[in-house]
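Protein chains: 2
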Amino acid sequence: MNYLKLSENQLKEILKIERQKYEGYKAKNLKLDMSRGKPCREQLDLSSPMLGILDEASDLKTENGFDTRNYALVDGIPEIKKLYAEILNVKENLVIAGGSSSLSLMYDTVQRGMQFGFAGSTAWGKLDRVRFICPAPGYDRHFAITQLFGIEMITVALKDDGPDMDAVEKLCADDESVKGIWCVPKFGNPTGVIYSDITVKRLASMKAAKDFRIFWDNAYSIHALKDNTRELLDILPECERVGNTDRAFIFTSTSKVTFAGAGVSFFASSENNIKEAKAVISIQTIGPDKINQLRHARFLKDKANTLAHMKNHAAIIKPKFDAVISILKKDLDGCGIAAWTNPDGGYFISVDVLNGTAKRVVALAKDAGVVLTPAGATYPYGKDPNDGNIRFAPTLPPLGELITASEIFVNCIKIAAAEKLTATVS
Amino acid sequence: MNYLKLSENQLKEILKIERQKYEGYKAKNLKLDMSRGKPCREQLDLSSPMLGILDEASDLKTENGFDTRNYALVDGIPEIKKLYAEILNVKENLVIAGGSSSLSLMYDTVQRGMQFGFAGSTAWGKLDRVRFICPAPGYDRHFAITQLFGIEMITVALKDDGPDMDAVEKLCADDESVKGIWCVPKFGNPTGVIYSDITVKRLASMKAAKDFRIFWDNAYSIHALKDNTRELLDILPECERVGNTDRAFIFTSTSKVTFAGAGVSFFASSENNIKEAKAVISIQTIGPDKINQLRHARFLKDKANTLAHMKNHAAIIKPKFDAVISILKKDLDGCGIAAWTNPDGGYFISVDVLNGTAKRVVALAKDAGVVLTPAGATYPYGKDPNDGNIRFAPTLPPLGELITASEIFVNCIKIAAAEKLTATVS
Numbered sequence: 001m002n003y004l005k006l007s008e009n010q011l012k013e014i015l016k017i018e019r020q021k022y023e024g025y026k027a028k029n030l031k032l033d034m035s036r037g038k039p040c041r042e043q044l045d046l047s048s049p050m051l052g053i054l055d056e057a058s059d060l061k062t063e064n065g066f067d068t069r070n071y072a073l074v075d076g077i078p079e080i081k082k083l084y085a086e087i088l089n090v091k092e093n094l095v096i097a098g099g100s101s102s103l104s105l106m107y108d109t110v111q112r113g114m115q116f117g118f119a120g121s122t123a124w125g126k127l128d129r130v131r132f133i134c135p136a137p138g139y140d141r142h143f144a145i146t147q148l149f150g151i152e153m154i155t156v157a158l159k160d161d162g163p164d165m166d167a168v169e170k171l172c173a174d175d176e177s178v179k180g181i182w183c184v185p186k187f188g189n190p191t192g193v194i195y196s197d198i199t200v201k202r203l204a205s206m207k208a209a210k211d212f213r214i215f216w217d218n219a220y221s222i223h224a225l226k227d228n229t230r231e232l233l234d235i236l237p238e239c240e241r242v243g244n245t246d247r248a249f250i251f252t253s254t255s256k257v258t259f260a261g262a263g264v265s266f267f268a269s270s271e272n273n274i275k276e277a278k279a280v281i282s283i284q285t286i287g288p289d290k291i292n293q294l295r296h297a298r299f300l301k302d303k304a305n306t307l308a309h310m311k312n313h314a315a316i317i318k319p320k321f322d323a324v325i326s327i328l329k330k331d332l333d334g335c336g337i338a339a340w341t342n343p344d345g346g347y348f349i350s351v352d353v354l355n356g357t358a359k360r361v362v363a364l365a366k367d368a369g370v371v372l373t374p375a376g377a378t379y380p381y382g383k384d385p386n387d388g389n390i391r392f393a394p395t396l397p398p399l400g401e402l403i404t405a406s407e408i409f410v411n412c413i414k415i416a417a418a419e420k421l422t423a424t425v426s
Numbered sequence: 001m002n003y004l005k006l007s008e009n010q011l012k013e014i015l016k017i018e019r020q021k022y023e024g025y026k027a028k029n030l031k032l033d034m035s036r037g038k039p040c041r042e043q044l045d046l047s048s049p050m051l052g053i054l055d056e057a058s059d060l061k062t063e064n065g066f067d068t069r070n071y072a073l074v075d076g077i078p079e080i081k082k083l084y085a086e087i088l089n090v091k092e093n094l095v096i097a098g099g100s101s102s103l104s105l106m107y108d109t110v111q112r113g114m115q116f117g118f119a120g121s122t123a124w125g126k127l128d129r130v131r132f133i134c135p136a137p138g139y140d141r142h143f144a145i146t147q148l149f150g151i152e153m154i155t156v157a158l159k160d161d162g163p164d165m166d167a168v169e170k171l172c173a174d175d176e177s178v179k180g181i182w183c184v185p186k187f188g189n190p191t192g193v194i195y196s197d198i199t200v201k202r203l204a205s206m207k208a209a210k211d212f213r214i215f216w217d218n219a220y221s222i223h224a225l226k227d228n229t230r231e232l233l234d235i236l237p238e239c240e241r242v243g244n245t246d247r248a249f250i251f252t253s254t255s256k257v258t259f260a261g262a263g264v265s266f267f268a269s270s271e272n273n274i275k276e277a278k279a280v281i282s283i284q285t286i287g288p289d290k291i292n293q294l295r296h297a298r299f300l301k302d303k304a305n306t307l308a309h310m311k312n313h314a315a316i317i318k319p320k321f322d323a324v325i326s327i328l329k330k331d332l333d334g335c336g337i338a339a340w341t342n343p344d345g346g347y348f349i350s351v352d353v354l355n356g357t358a359k360r361v362v363a364l365a366k367d368a369g370v371v372l373t374p375a376g377a378t379y380p381y382g383k384d385p386n387d388g389n390i391r392f393a394p395t396l397p398p399l400g401e402l403i404t405a406s407e408i409f410v411n412c413i414k415i416a417a418a419e420k421l422t423a424t425v426s
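Protein chains in written order, with the numbering used here: chain P, 1 to 426; chain E, 1 to 426.
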């Protein structure tokens with residue numbers, strides 16, 4: 001039943017039925033939150049044995065003999081650097097292990113660009129204009145950082161294989177003021193996209209300002225929901241191969257491996273960039289929390305063990321993704337008013353509703369007790385030009401609640417679409 | 001035996017004897033590090049029970065019901081905010097509990113001043129000139145931050161009751177470009193100074209630029225070595241009383257309460273300042289490591305218990321301070337070539353040697369296997385105009401090593417002084 005082909009009367013009938021359903025949902029006084037990509041209790045429990053992994057009787061020394069309880073090692077302890085060097089497939093000396101927030105590392109890196117500039121180029125803050133390319137739909141917290149620093153954001157479409165590279169290449173070739181691009185290259189927030197090899201190669205090799213930097217937020221690098229998902233091409237060697245050695249900054253953390261907000265963050269880049277970053281970080285802090293890094297190293301052990309741990313995460317959250325997608329499919333397939341992703345990994349389902357109805361859907365859902373990510377959040381400045389994209393975060397709620405929330409979501413999508421279409425025809 | 005009153009021959013005799021001693025020390029091939037204020041193993045052991053305080057079976061919820069393993073609470077968990085509100089004697093809603101490094105909070109605060117400005121004033125980075133007052137001798141890591149941001153540092157003498165307030169008042173009254181002052185107001189690094197009530201009142205009430213800020217690094221607020229030490233007047237109420245409500249930023253951490261570099265940091269200020277800081281911090285991070293905050297709250301419990309814990313620290317390190325001071329006294333009293341502090345708290349002994357000999361003393365000590373803080377480190381730009389101040393950090397080494405290092409230190413002070421005085425008379 002394609003809504004776009006229905007008569008006004010048929011649409012009005014649908015509207016009546018869906019509104020009745022909606023009143024039923026409202027009467028339940030629900031309070032469900034699908035707004036953020038948070039792990040659920042069962043996922044957090046997977047890592048709780050880590051809490052007791054160190055105690056008073058433990059050997060608290062790093063493998064190179066430093067007491068983790070005292071000052072030292074501004075770039076982190078060797079054992080955790082080694083583990084994430086292996087996971088990110090970079091050399092250990094090119095990794096900095098930080099505190100609990102990779103978002104802070106990104107903020108700090110933008111801040112260093114603004115205040116000091118990179119590799120001898122003029123500090124961005126001294127330029128008349130600084131622009132960042134923001135593939136969208138994307139991650140609202142990235143956009144918030146660039147907006148805070150007064151960096152102009154240029155939206156570029158995010159396609160199935162990554163950003164629209166024709167547009168990206170043209171922007172970078174023509175304009176020296178384009179200094180960065182935000183990328184979530186694997187299981188990207190919110191569509192689940194994995195950048196194709198060609199996209200990675202084009203990003204690495206395209207013409208751009210000398211101090212143009214790729215902010216490679218590889219937050220979900222090992223967060224597969226299915227087996228045998230596609231590999232992401234490594235960005236650093238691609239940059240190095242074509243002589244753009246210092247182009248990429250890699251970020252990741254264990255927030256969705258162990259504990260959200262209480263894990264370990266990582267920064268990886270070229271030798272020059274790491275040296276330059278370390279010079280500032282050594283003034284900013286005496287060092288990260290090495291005890292928490294040791295806890296992580298002892299718990300996660302090695303890459304194989306970490307990947308096995310991630311399979312346990314997938315076993316918990318995959319049924320949630322499946323439940324949402326099966327409801328969307330059952331109720332919306334063929335209606336012509338919604339499309340959604342079925343991601344191989346990551347934390348989100350990206351739903352495109354009828355243009356001009358996303359805000360209405362989110363408002364309707366809110367009044368029925370379901371908090372969704374604000375419409376527009378996936379676009380720079382919170383403004384989705386089509387008012388069409390909604391990010392749905394299925395991981396946090398228990399399955400029962402998630403099913404109810406998804407049914408309400410579908411109900412709201414239908415109401416908003418029927419409202420819009422009857423308004424159009426009338 | 002006052003060196004300044006000795007004849008050249010007497011001095012040459014001393015030089016000969018002290019140089020013989022020195023060769024004896026050198027032959028021992030020692031490797032002793034007195035350069036940084038690090039807690040020793042026994043101090044760290046005091047907090048090691050905290051490591052096992054949370055495990056898989058623990059209640060991991062905050063008192064307001066948040067799972068510390070998940071995202072939330074950008075300004076920290078209520079129980080740790082409450083504890084430090086009590087310790088800092090400020091309202092709980094004026095405290096932000098952060099990650100493991102208060103130095104990072106200071107860096108971030110200077111960065112916000114440079115990038116965004118405070119309370120609607122022009123961003124410091126947009127001004128032609130930004131100046132900070134740096135009472136000296138002071139903390140080298142403070143000076144490193146201001147230097148990194150290109151802020152001009154003006155040295156003001158640190159006296160027994162705090163900075164030379166006549167000089168500070170004159171600088172601030174005459175010059176709108178003076179935007180800040182670094183203060184370690186209690187058991188200050190390195191002299192152990194406690195600011196007098198008058199100093200605090202004058203800092204709070206003096207004429208200064210609207211966006212002038214006091215960077216109040218109260219790192220050692222509860223780090224007394226002796227009983228009944230003098231109380232520090234609270235800065236926030238003094239500022240508020242005279243209408244300079246937003247003038248002070250307070251920083252502290254548990255680095256020298258629990259674990260160095262793996263504790264909890266705190267920022268406290270006025271309502272406006274906290275609101276303004278939180279607006280940026282909410283973009284910089286989703287939140288601090290709340291599990292480590294919970295660990296600290298459960299371990300430290302309340303102010304009384306925390307103060308009792310600090311007494312245990314004092315019991316370990318006071319004998320070290322006493323040993324150093326007794327050696328300095330025995331060997332240098334009346335020589336006229338050195339003066340030293342006998343602090344009531346904190347981590348350092350500040351030693352003033354004969355002007356023009358501090359670098360030589362540090363170099364001599366280094367060649368004899370004793371690493372001291374570089375001469376000049378306690379002054380802006382690493383330049384002590386008198387080449388006379390040396391910071392001595394007695395906490396880290398075991399008592400035996402500390403005694404040896406102190407004897408070598410005294411030996412080097414004598415050699416450098418005799419060298420200088422014979423050079424002068426010849």
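Don't read these hints as lab results, they were simulated from the structure.
Certain hints may be false.
Any copy will do: because identical chains look the same in the list, a pair fits if it lies in one copy or spans two.
[What the hints assert, rightly or not] The calculated EDC-like cross-link candidates involving lysine to aspartate or glutamate, where the alpha carbons are at most 16 Å apart (straight line), are:
| # | residue 1 | residue 2 |
| --- | --- | --- |
| 1 | Lys91 | Asp164 |
| 2 | Lys201 | Asp234 |
| 3 | Lys329 | Glu407 |
| 4 | Lys61 | Glu231 |
| 5 | Lys61 | Asp234 |
Evaluation of the provided hints:
Taking identical chains as interchangeable, the C-alpha atoms of Lys91 and Asp164 are never at most 16 Å apart, the minima being 30 Å within one chain and 51 Å between chains. In the homo-oligomer, the alpha carbons of Lys201 and Asp234 lie at most 16 Å apart inside one protomer (9 Å), although the nearest pairing across protomers, at 58 Å, exceeds that limit. For the identical chains of this complex, Lys329 and Glu407 are intra-copy neighbours only, at 11 Å inside a copy versus 81 Å across copies, given an alpha-carbon limit of 16 Å. For the identical chains of this complex, Lys61 and Glu231 are neighbours neither inside a copy (35 Å) nor across copies (38 Å), given an alpha-carbon limit of 16 Å.
With identical chains, the CA atoms of Lys61 and Asp234 are never at most 16 Å apart, being 33 Å at best within one copy and 39 Å at best between copies.
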